Each structure stands twice: as C-alpha cells, then as structure tokens.
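**Q** Protein chains in written order, with our numbering: chain W, 1 to 779; chain B, 1 to 286; chain C, 1 to 158.
No lab work stands behind these hints: they were computed from the structure.
Possibly wrong hints are sitting among the right ones.
To be verified - Here are the simulated EDC-like pairs of lysine to aspartate or glutamate, each with C-alpha atoms no more than 16 Å apart in a straight line:
#, chain 1, residue 1, chain 2, residue 2
1, B, K257, W, D692
2, W, K769, B, E42
3, B, K50, C, D55
4, W, K691, B, D255
5, B, K37, C, D22
6, W, K150, B, D256
7, B, K35, W, D692
8, B, K35, C, D22
9, C, K118, B, E78
10, B, K37, W, D692
11, B, K158, B, D256
12, W, K691, B, E4
Computed from a predicted model, the values in this text were never measured in an experiment.
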Amino acid sequence: MATLKENNLANPTEASPPTTSEAGPHEPLLVKRDFKTVGTRPLRPDGVDKVTGRARYGADHNLPGQLVGLVLRSPHAHARIKGIDTAKAAKLAGVKAVITAADLPDHTGGDESLFDILDNCMARDVARYDGHAVAAVAAVDAATARAALKLIKVNYEVLPHVTDVDEAVKPGAPLINKKNFTRGVEPAPAKPSNIAKRSTFGHGDVAAGFRHADVIIERTYRTEQTHQGYIEPHACVASVSPDGTGELWVCTQGHFAYRQWCAAILGMDVAKLRVTSSEIGGGFGGKTHIWMEPLALALSRKANRPVKMVMSRDEVFRASGPTSATSIDVKLGVTKDGTITAASSTLRYSNGPYFGMWAELGAMTAFACYDLKNVETIGLEVLVNRPKVAAYRAPSAPEAAFAIESAVDEAAKAIGMDPVDFRIRNAAREGSRASYGPVYGPIGIGPTLEAARNHPHMKAPLGPHQGRGMACGFWFNFGGQTCSDLNIGVDGTVTLSVGTIDVGGSRASLALCVAEELGIPYDQVRCTVADTGTLGHNDMTDGSRGTFSSSMALIFAARNAIKVLTARAAQMWEIPLGEVVWKDGHAHATGEGQGNLAPLSLKEIAAAAPTTGGPIAGHAEITADGAGVSFATHICDVEVDPETGRTRVVRYTVIQDAGKAVHPAYVEGQYQGGAAQGIGWALNEEYVYGKDGRLQNPTFLDYRIPVCSDLPMIDTQILEIPNPNHPYGVRGVGETSIVPPLAAIANAVSNAAGVRMTHIPMSPPRVLKAMMSADKLGT
Amino acid sequence: MRYEAPATVSAAVSLLAKEKGQAFVMAGGTDLLVKMKSGLVEPDLIVDIKRIKPLHEVKKTASGITIGAALCNAALGENALLRKFWPGVVEGATLIGSKQVQGRCTMAGNLCNASPAGDAVPALVAAGAKAVIQGPKGKRKLAIRDVPAGPGRTNLKKGEIITSIELPKREARSADAYLRFIPRTEMDIAVVSAAVNLTLDAKGVVRKAAVALGAVAPTVLDVPAAARALVGTKLDDAALEKMAAAARAACRPIDDKRGTAAFRTQVAGVLAQRAARTAYARAGGK
Amino acid sequence: MAGIHVTTTINGDAVEFVCQPDETLLDVLRNRLGLTGAKEGCGTGDCGACSVMVDDRLTCSCLVLGAEAEGRAIETVEGLAQGTELHPLQRLFIEHAALQCGICTPGVLIAAKALLEKNPDPSEEEIRFGLAGNLCRCTGYDKIVRAVQAAAREMRGA
C-alpha cells in the first residue's frame with residue numbers, strides 16, 4: 001500500500017511546471033491577459049445557506065438509527081495502560097459497542113508514520129498525554145454513553161512525564177518513547193532520546209561570516225503552544241455495513257486523505273469507504289489530521305449502526321491539533337553599513353509524543369526572506385507529553401519568524417539603521433539562493449517591503465506609550481495532486497466538481513477562473529465539493545493549495561471542454577475543426593467565406609449536444625507543482641499600559657503578494673484572518689500545563705483568542721507578482737498572513753515598552769515583569 | 001435530575017429544604033450549567049427562581065435600593081436609578097461575561113458562585129450592601145462580604161435563597177467605581193479587580209471611603225487600611241500611593257493560569273488608584 | 001429521568017417538545033427540533049455560536065435549559081429571513097464577505113440584530129463590544145464590523 005505522508009505541506013522545490021496531458025512542459029504556462037471575471041468580487045455560492053443556518057457542518061448531519069459515540073481519555077500525562085475493564089460498560093442497557101485498542105489491530109505493516117496516527121487515535125500500551133483516547137463507546141443517547149464511560153475501569157501505571165520543550169532535551173528528562181533514536185545524526189546514536197530528528201539547512205561559511213561582522217546579535221526566544229481554535233469542534237457520522245463498505249460524513253480539510261488513513265487503520269479497501277466532507281467550520285490545519293474518525297468507524301462496524309461523534313471543546317483542546325512550543329537560538333552578524341554577513345539558528349520545536357517535521361519546517365522558513373551568503377539552521381524535533389502537534393496555518397513559520405525578525409530588528413537598531421531599509425538591503429530577490437536550498441524565481445519580498453516603506457501607516461504619528469513594529473514572513477505554498485471535473489449542462493450552465501474542500505470562499509474563486517476561461521458569466525458556473533466516490537484523489541486543502549491547484553486543474557479542464565465545444569461547433573457548421581476558435585464564450589468560424597456563420601454560444605452548443613455526440617465535459621488530473629512562494633510584510637502599532645503591561649493593537653496593516661487575486665475580497669479575508677490569529681498568538685494565546693502534566697485551560701474562557709473588541713480594522717494591500725507556474729499567475733494566499741504578526745507585534749511592544757520581549761505570548765504579566773525589571777536595571 | 005420552576009419564594013424554599021440529594025438554585029444558570037457540562041456538579045434538583053416575579057424588581061425603599069435576585073444583569077444595567085447612584089455596582093454586574101451571558105446572569109448568582117474573581121462582588125462589598133436571605137426558618141440579612149465562605153462555598157444554610165441585594169441609602173456627593181484587569185477587552189475572568197466607594201464633603205475632601213479587592217484572596221477583600229489612606233484627602237498622589245501600598249499589602253493571591261501572584265499584587269494597587277480617581281470624579285471631586 | 005413537556009414559541013410558531021430536565025435549549029433545538037442553525041462551539045457560553053433570543057434577551061442557548069423555554073418566545077437564525085427576503089444583515093454579510101467558514105455567522109447575526117434593535121446607530125466601538133461574545137476565528141472581524149455598519153445605515157434609512 002502506498003504510504004501517505006501526513007505532513008507533506010512544504011514543497012521546497014520551486015521549479016517544475018505542472019504535468020498534464022494537455023499543457024505540455026514547453027508551453028509557457030503563464031500568459032499575460034486582460035482579466036474579465038477574475039479579480040471581481042461576486043457573491044459566494046454558499047452565502048445564503050450560511051446566513052440562514054441551512055449550511056450543514058460536521059455536527060449537522062444525522063442518519064436513521066444513529067448512536068452517540070464518546071471517548072474515554074487519559075487523565076494522566078504519561079501512563080502505562082496495564083488493563084482496561086469494559087465489561088460493566090458493555091452490559092449497561094443502551095450501550096451498543098465499546099472499543100479499545102484491541103478492536104483496532106495493527107494493519108500498518110511497518111509504516112511508522114501510520115502507526116503513530118493509529119496510536120494517537122487510540123492509545124495502545126501507553127497513554128502519552130492528558131486527553132489521549134483510551135476507549136470509546138457507542139450508545140443510544142449521550143446520557144447513556146456518558147454513564148458507560150464512567151463504568152470503564154482503566155488500570156494505569158503513572159510514568160514520569162515532561163511537557164516543556166526545554167526540559168525535554170535536558171539530560172535525565174523522562175523518555176517519551178524508548179524506541180526513539182535521533183534521525184539525521186551521523187553516526188546514528190546508540191541511546192534513545194527525546195529528540196526525534198535533527199535537520200540542517202544552509203550554505204556558505206557561517207564562521208567566516210561572523211568573523212566579518214561588526215556587530216553580532218545573539219538571543220534565545222521562546223514561544224508557547226497554541227491551538228488553531230476553529231469554532232467548529234471535530235464531528236463525524238460513520239456508518240459501516242456488514243458487507244464491508246462504509247460511509248463517513250466529516251468536517252475535514254481533506255476527505256481523500258481521511259479516507260486513506262481511516263481505510264488503512266481499519267484494514268478496509270479504499271474503494272469501499274466513501275467520505276463526504278461537510279461544510280467546514282474552520283480548520284487552519286487542524287483538520288488535516290484524523291482524530292476520532294477511525295473510532296467512529298470501528299464503533300459503527302462493531303455495533304452495525306451509524307455512529308455520530310462530536311468532540312467537546314475540552315476534547316478539542318486536550319486532544320487535537322496544537323502547534324509546537326518552541327525555543328529558538330538566533331545569531332546574526334552584520335556590518336555597520338547594514339549587510340548581514342552570517343546568520344545561524346537552532347530551533348527546538350515540541351512535536352507532542354510523535355515524530356513530525358515541525359522544527360524542519362521552522363528551520364527551512366527561518367531565513368527565507370533574506371539573501372544570505374552564509375547561513376545555517378538546525379531544527380530539532382522534540383518529543384513531549386502533550387498532544388500530537390498538527391499543522392496550523394503556515395505551520396512552524398510564525399515561531400521562526402518571531403525569533404529571526406526580532407533579531408533582525410535588534411541588528412538594525414544596533415547599527416542605527418531603519419528596520420525597513422535594513423531588510424530591503426538584505427532581502428532575497430529573483431535569483432537569490434534560499435537558505436533552504438532552491439533558487440528563487442520572481443518573488444514578492446522586496447516589493448512588499450518597498451510598499452511598507454511607502455505606506456502612510458509608516459509615517460503616521462504615534463501617541464503616548466505607543467510603539468510601531470514591522471516584520472516580514474515567508475511561506476512555501478503547496479500544489480499537489482488535484483483532480484477536477486467540469487460538466488456542461490443541457491442549458492449551457494457549468495457544474496464544477498472539485499476535491500479540495502472550501503475553507504474560505506474557494507468555490508467562488510474556482511467558478512471565477514472557469515468563467516474567465518470559458519468566457520461566460522460567473523453566475524453560470526456552480527462549484528461543488530465532490531465526495532471521494534466521485535473524483536480521483538485530491539490532496540488536502542493545506543499549504544494554501546485549494547484555489548491554486550484546483551483552479552489550475554479546472555482551467556485545464558475548461559480547455560479540454562473547449563476542445564469538445566469547438567469540435568461540436570464544427571460539426572454543427574459542417575466545417576473543418578481547424579476553422580473554429582473559442583472566444584468570449586462563443587465558437588467562431590474563422591475560415592474564408594464563413595463570415596455569415598453567426599458565432600455559436602456555449603448555450604447553443606450545449607442544447608445541440610444530444611444530437612452531436614452527447615454530454616460535454618472537461619476533466620483534468622494534475623500534480624500542481626510550482627506553487628509560487630509567498631511573502632508578506634506587516635506593520636503594526638501597539639499601546640502598552642505602563643502600569644499593567646496590557647497591550648492594545650491600535651493599527652495594523654498587511655501587505656502581501658497574491659500572485660493574482662482571483663477574488664480580492666476573499667484574499668483580503670485571508671490576510672485579515674491570519675493577522676488576527678497572529679495577534680492572538682502574540683499577545684494572549686497559550687497552553688498552560690500544570691506540574692501534573694495536565695492542560696489547565698482547555699476552554700475558550702481561558703484559552704484567549706481575540707474577541708471583536710480586541711482588534712482594530714486590519715488594513716490590507718494586495719500586491720500581484722504573477723507566479724509563472726500558474727496560467728493566471730495565482731499564488732496561494734491563505735497562510736503567509738499568520739507568519740509576520742508575532743514578530744511585528746513583538747517589535748512594536750518592545751519599542752513601546754522600551755524593553756526587548758523574547759517570550760510569546762506577550763501576556764500582561766510577562767510584559768509588566770519585563771518593564772519592571774528594566775526599570776530596576778535603570779535602562 | 002428534577003427541574004422545578006416555582007412561582008413563589010416560599011415554594012422554592014420548601015423544595016430546597018425537602019430535597020435529600022444535591023439541590024441547586026438556578027437564577028441565570030450561567031455558572032451552574034457550565035459546571036454541569038463539565039461534570040463538576042450532578043444536581044438531583046434544580047430550582048429555577050426566574051418564575052418568581054418579585055425577584056425581578058428593583059425597588060427604592062426607605063433604607064436604600066433592593067435588587068431582585070433573579071434580575072438579569074442586562075436589565076440591571078438598564079436601570080436608571082442604579083446607574084445614577086451606584087455606577088460602580090452596575091459596572092461590576094455588567095462586566096460579567098458577554099452580552100449573551102448578561103441576558104441571563106444575575107448579581108446574586110455571581111455572589112453565590114463564590115468565586116474570588118466574581119465581578120459583581122467587590123463593588124457590593126465596598127458599598128456595604130447586604131444580602132436578603134429567606135430560608136425555612138424565615139428571613140435574615142447578611143453583609144455581602146460574609147456571604148462567600150471560600151472559593152465555591154457560601155455561608156447560606158440548607159434551603160436558604162438570596163432573594164434580593166440591598167444597597168444602602170446614598171448620601172450626597174457619593175459615588176463608586178469598579179475596575180478589573182483582564183488580558184482581553186471582554187469575555188475574561190478578572191485576574192485582579194478593585195472597587196472604591198467614596199463620600200466627599202462640600203470641599204471635595206473624602207469623608208468616607210471603602211476599598212474592596214477581587215481575585216487576590218480566597219474571598220473578596222475589604223481593605224480598611226486602604227480606605228483610611230484616602231479619608232481626609234483630595235486624592236493627592238501621596239494619598240493614592242499610600243492607598244495602593246495598603247491595598248498591595250492586603251493581597252494574598254496565588255499563581256494560576258490567569259496570572260501570577262506578583263502581577264495580581266502589583267496591579268491591585270494600580271486598579272485601586274484608577275477606581276478611586278473615577279469614583280472621586282463621579283462624586284464631584286475635582 | 002422523566003421527560004418534561006414544554007410548550008413554547010419558536011420563530012413565531014407554536015412548538016411542543018419533550019426534553020430531559022438537564023438538556024440544554026441548544027440540544028433541544030438541534031437534536032429534537034431539527035433547527036441546526038445554532039451551533040455548539042464550546043457548550044460553556046464562551047463562543048456565542050449558539051446565540052438565540054429568549055423573550056427579547058440575547059442569550060447563549062447552551063446556557064439555557066430546554067425546560068426553561070416553557071411559555072417563552074425563542075428566535076433563532078432560521079427565523080431571520082422573512083419568506084424569501086433575507087434580513088438586511090444576512091444580505092450584507094454575504095455582500096461584504098463577512099463570513100468565511102460561516103460557523104459563527106448564525107450567532108453573530110442574532111447578536112448583531114439584537115445590538116441594532118437597541119442601538120440603531122452604533123459606533124465602531126459599540127459594534128465591537130456588542131459582538132465581543134461571538135468568537136470568529138476566520139475573519140479578524142474587520143468585514144463583520146463593516147457589514148454591521150452597512151446594515152445599520154440601511155436599516156436607519158440613512
């Protein structure tokens with residue numbers, strides 16, 4: 001069985017064009033054009049359903065006879081499971097199935113990554129974090145299911161635990177996994193440790209670079225663990241039949257990947273499991289991993305009834321999707337005239353109890369904004385007794401950017417240079433070799449910095465106790481496997497079936513691209529997200545790939561449909577195919593003496609389809625390589641209360657390259673949303689663990705995401721530096737906006753408070769303490 | 001579990017007194033339902049007092065103003081009488097939770113939840129308010145500061161209900177103010193809070209003062225030493241510093257997920273100063 | 001546990017249901033009455049996704065028992081549109097791109113309507129505090145605030 005890597009977000013190679021049967025690699029993909037529909041702001045097709053309560057999300061679906069499934073979770077951060085007695089629970093009236101790891105035999109066939117997914121979905125021998133699933137029940141109603149959970153007796157042997165990223169790498173720290181030997185180290189270590197992998201990137205001679213520096217900035221930064229905080233908890237309805245087929249309704253960012261993982265874990269054929277994605281109530285990366293879905297399927301299989309499972313908010317926080325906590329060392333060498341001569345960083349990212357690629361992504365993105373001769377980054381994946389880390393919007397980049405962009409600001413200050421000018425001087429450009437390997441094509445870091453320098457925000461006066469900060473951010477973007485259908489209806493309207501779920505308006509954007517390509521109005525194109533039984537495999541909506549990759553597939557699908565349409569027109573006119581061209585939504589006859597043939601509209605050709613060869617459709621399956629890298633520069637003003645350390649964001653500006661903004665309002669929405677999440681991360685959001693290794697704040701009351709009154713309007717400026725690897729120049733836009741805020745706010749707070757902040761979140765107690773310590777030092 | 005919504009206080013008291021299991025009074029229910037959801041409490045009986053009409057009234061009496069125990073804080077905040085005479089009490093009540101929570105939560109409920117961080121309580125303590133209690137053995141009054149016994153515990157006896165909160169009669173040139181510190185602008189539990197209640201003389205000199213602090217001890221603190229620092233002054237900087245120092249000296253906070261003990265102590269003084277300035281200005285001081 | 005029979009009014013319609021004494025109004029709406037417009041984001045009154053009106057007071061339906069609905073008038077997002085005519089807030093939320101995933105939208109709309117009924121001409125700050133009980137994780141609130149401003153203008157006839 002082919003393995004599916006869970007974290008295939010980054011696509012570090014920048015070059016190759018997409019492979020498709022229609023667009024050969026020799027044709028230039030990006031053709032300059034005057035857009036008619038792309039770039040407009042029509043209404044989204046799911047709008048009315050979403051404002052009337054009619055849209056169906058994960059928990060809004062029900063099946064006849066469905067049971068309620070609930071999970072029993074470990075109250076211990078680390079404990080051996082010596083036994084589980086489910087007999088009493090199974091006997092309770094109304095309980096239809098009880099499962100433990102024994103009901104999920106290991107079908108992973110030595111695939112370590114898949115085994116970790118299985119172990120995370122249901123603890124096998126060891127519970128590895130507070131909230132780790134250990135058993136599950138399905139019962140006729142929630143009250144019965146809750147009562148059944150209380151009757152399950154788990155015999156735990158509590159083990160020593162470690163939840164802190166720095167503590168976990170100290171000698172003598174409790175071992176999270178005795179079989180973990182650090183990867184990426186030569187020779188392979190003989191002893192296990194809590195470092196799962198060491199990755200290194202860079203080029204040049206760092207030591208020499210530091211020798212040439214006039215000033216060296218060296219600091220260690222910390223960030224705390226955060227959660228994606230999607231408002232919709234994980235939810236699914238599973239139904240497995242005794243004939244071995246199954247259906248899963250689920251809120252997910254990738255129903256094809258969910259199908260593959262669930263099928264693999266349950267030992268099912270992929271073709272026998274049909275997964276339908278619901279409307280998704282936010283994901284931000286957290287719904288690119290499976291959590292309780294295999295449990296719902298296993299319960300349904302055992303009970304022979306549909307099973308609905310909906311996580312509580314407490315479960316969402318304790319057992320799904322946080323980011324890494326990090327501890328990052330940065331060293332920068334600069335000359336007095338403002339050149340960075342060398343840069344190095346060691347980045348420790350917590351992974352939860354399972355090996356991921358979080359520090360690796362941090363190490364790759366850390367210095368990606370800069371053109372550096374000498375650079376080295378080392379990423380260390382650190383295992384801790386916390387939930388398995390999941391992707392969160394440009395995963396791992398915000399933490400690294402916080403550290404690097406803070407140090408860059410300090411370096412600029414040390415040599416008396418304006419922070420924007422300093423960055424412009426060192427910014428990467430077309431032809432620069434990125435610190436993570438590839439050579440850049442046309443990129444937007446320079447233009448976003450120039451736009452920042454010229455932005456009125458930069459010149460606006462500041463009030464008392466206010467400070468301004470700015471920072472840059474980078475994200476790879478991803479393309480990946482994509483398969484889409486385009487069907488022309490009998491009335492000439494167009495239905496699109498895509499396999500990338502819509503997280504922020506992509507159905508509208510995709511319809512815009514097809515309307516553009518076919519030359520018809522937007523409202524004649526309708527885009528739906530198809531289930532796994534209807535299309536070939538699609539990678540998840542991650543890596544900002546939804547609109548990028550599906551629009552590319554659909555543009556090719558439209559071109560395929562146009563070939564059919566022109567052929568049909570030729571047939572209707574009884575002229576050679578070579579004498580028909582497609583323009584402005586019509587077939588035009590171009591041959592000599594055909595001037596009297598009035599152009600045929602798509603509608604007319606569609607109406608004739610029954611007699612000219614049947615349905616007209618276009619199809620495309622591609623691996624959408626060449627997602628253009630994305631850069632942003634953010635500016636913010638904050639006001640810090642000198643007596644309480646409380647920070648208020650008073651003004652915020654996002655400048656980001658979109659390649660081509662297909663639906664500018666939804667692009668702005670991505671910029672604003674990412675910035676708001678970054679503001680929350682920077683100021684107040686954090687997982688708080690007690691000495692007992694348990695999460696203390698698994699509620700929206702104490703895990704403080706920004707509320708409406710916390711934020712100002714968030715200004716946006718969209719730059720368009722076309723991506724040469726997309727027919728319309730589109731780049732992913734969804735993620736980069738969360739990368740700069742931590743650093744931009746840290747720089748602003750540091751300027752306002754008069755003391756360098758090195759620990760995120762900059763909660764009031766941390767800021768007040770820093771200010772009071774600085775006062776005592778007389779600085 | 002049983003749910004009862006009696007129409008009279010005596011019926012409610014009798015239901016509570018008779019119940020052998022875990023019985024809870026529900027006013028707004030914004031704490032009770034959350035505790036039920038998390039499994040922290042499993043009531044056998046809930047007595048909803050919102051169907052008792054008199055408990056929704058705000059009344060001016062000979063001895064002051066009484067606020068019915070079932071009046072939601074959104075309605076309390078709309079009451080002109082309370083806003084005029086007890087702006088600090090109104091601030092405390094209306095800072096609790098969101099607009100949604102305001103539509104349900106009550107001052108008496110906040111008091112009986114007995115959290116050290118309850119927003120409604122410090123201003124009531126500074127006001128010298130009393131809880132009017134009815135139980136199987138009749139009516140009694142208890143000073144607000146004596147209602148909580150510790151975090152999550154009250155001094156109410158089995159079968160007893162708070163039916164109203166009684167605020168004393170207002171003297172001329174009096175006002176109060178309440179401030180809390182939260183990391184966000186809304187939706188948080190107070191990390192630390194302060195209420196100040198002042199009465200000035202005709203020259204603007206503080207004649208009477210009360211200072212109460214929240215979230216710095218197991219129950220809301222009444223800090224007479226801080227109040228004394230203000231009496232006889234026009235709130236000059238020295239008096240405010242002295243008051244803040246007294247407030248900080250009284251703090252006995254803990255480190256928890258919401259803040260550190262050091263932060264709470266420091267900011268308690270800051271908030272007390274700010275609340276004092278606001279109350280002073282409201283009372284007509286210049 | 002014995003069920004409680006409740007007679008109430010929802011979006012103007014007389015409705016009867018039987019619920020358990022510890023069942024929330026949110027669960028009744030979603031699981032017994034098929035009104036899934038109100039969402040459960042937290043179940044503890046911290047996110048506002050389940051916002052409804054109970055007798056003209058904005059509340060979180062997760063903090064109300066189903067049994068309490070007896071004799072009350074409940075208003076949910078399903079009752080906002082008049083026939084085929086969207087409420088101005090609904091229409092302007094779509095036009096202003098004030099929703100992305102949309103899970104918070106029903107609760108935000110109810111809260112915004114409650115705000116505008118009390119205060120037809122709110123300042124930006126009043127809108128922000130009026131909606132502070134409704135968490136949105138997608139938009140950063142910018143376009144939500146603008147949509148409410150536009151709706152306020154339109155509803156005032158300004």
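**Q** Taking the numbered hints from earlier one at a time, note which ones the structure violates and give those numbers from smallest to largest.
**A** Violated hints (numbers, rising): 2, 6, 7, 10, 11 and 12; every other hint is consistent with the structure.
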